[in-house]
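Those protein sequence lines, which keep their order, are chains P and W. According to the working numbering, the stretch in the first sequence is residues 15 to 127, in order. According to the working numbering, the stretch in the second sequence is residues 8 to 116, in order.
Don't read these hints as lab results, they were simulated from the structure. Hints are supplied without guarantee of correctness; some may be wrong.
[Claimed, not checked] Using 25 Å as the maximum straight-line C-alpha spacing, the simulated BS3-like pairs for lysine-lysine come out as follows:
#1 K9/W - K115/W
#2 K25/P - K49/W
#3 K49/W - K74/W
#4 K74/W - K92/P
#5 K111/P - K103/W
#6 K63/W - K111/P
#7 K71/P - K9/W
#8 K103/W - K71/P
#9 K49/W - K92/P
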Amino acid sequence: GAGVSQSPRYKVAKRGQDVALRCDPISGHVSLFWYQQALGQGPEFLTYFQNEAQLDKSGLPSDRFFAERPEGSVSTLKIQRTQQEDSAVYLCASSLKTGYEQYFGPGTRLTVT
Amino acid sequence: QKEVEQNSGPLSVPEGAIASLNCTYSDRGSQSFFWYRQYSGKSPELIMFIYSNGDKEDGRFTAQLNKASQYVSLLIRDSQPSDSATYLCAVNSAGKSTFGDGTTLTVKP
Numbered sequence: 015g016a017g018v019s020q021s022p023r024y025k026v027a028k029r030g031q032d033v034a035l036r037c038d039p040i041s042g043h044v045s046l047f048w049y050q051q052a053l054g055q056g057p058e059f060l061t062y063f064q065n066e067a068q069l070d071k072s073g074l075p076s077d078r079f080f081a082e083r084p085e086g087s088v089s090t091l092k093i094q095r096t097q098q099e100d101s102a103v104y105l106c107a108s109s110l111k112t113g114y115e116q117y118f119g120p121g122t123r124l125t126v127t
Numbered sequence: 008q009k010e011v012e013q014n015s016g017p018l019s020v021p022e023g024a025i026a027s028l029n030c031t032y033s034d035r036g037s038q039s040f041f042w043y044r045q046y047s048g049k050s051p052e053l054i055m056f057i058y059s060n061g062d063k064e065d066g067r068f069t070a071q072l073n074k075a076s077q078y079v080s081l082l083i084r085d086s087q088p089s090d091s092a093t094y095l096c097a098v099n100s101a102g103k104s105t106f107g108d109g110t111t112l113t114v115k116p
């Protein structure tokens with residue numbers, strides 16, 4: 015079946031612009047996760063959803079970051095007023111249930127210039 | 008101190024050898040444990056998951072979990088050059104997964 019998809023795959027934004035990153039999880043997966051990965055490091059947790067409920071957003075680095083999953087399927091991670099330090103790969107993952115194995119999408123590489 | 012610790016490597020083994028990758032974690036409430044493989048420029052790919060103490064085998068891969076020692080490992084038997092990648096350990100507690108920074112493995116022909 016189809017895996018997790020993310021769009022766009024690459025995004026270049028000028029400092030101060032807003033960006034929106036989309037994640038389509040595996041059909042039927044209840045849990046959805048967002049991670050940020052810097053070069054040479056493991057994925058850093060940002061937030062996760064169980065269906066449409068955002069259960070943990072403790073990893074969001076600032077109030078410029080906002081995530082939603084209004085219908086319990088597709089999710090969007092929005093970054094307002096992008097800064098250079100936001101440049102990273104943003105990974106989305108989904109799992110059948112919370113605590114189960116997660117399957118990752120291809121990621122969105124964000125470059126802020 | 009990071010919540011999930013891995014030796015960064017690089018770990019180099021000859022083709023056909025056993026590669027041993029280790030991971031320690033700090034949260035005693037952790038319930039599920041995962042190993043992912045990540046090739047350069049790609050996203051993490053699930054290799055193994057383990058929930059209970061002991062060993063779990065899948066093909067050339069064996070995951071070992073010791074909750075008392077807060078330690079999880081991955082053994083790769085008959086290592087192949089295609090196994091050369093970064094291996095990420097992930098620990099899940101209360102729904103949230105924490106990743107180590109990975110161990111880079113190189114398998115030399």
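Results of checking the hints against the structure:
no. : hint            : result
1   : K9/W - K115/W   : violated (30 Å)
2   : K25/P - K49/W   : holds (16 Å)
3   : K49/W - K74/W   : violated (31 Å)
4   : K74/W - K92/P   : violated (38 Å)
5   : K111/P - K103/W : holds (12 Å)
6   : K63/W - K111/P  : holds (21 Å)
7   : K71/P - K9/W    : holds (19 Å)
8   : K103/W - K71/P  : holds (10 Å)
9   : K49/W - K92/P   : holds (22 Å)
Hints 1, 3 and 4 from the earlier list are contradicted by this structure; the remaining hints agree with it.
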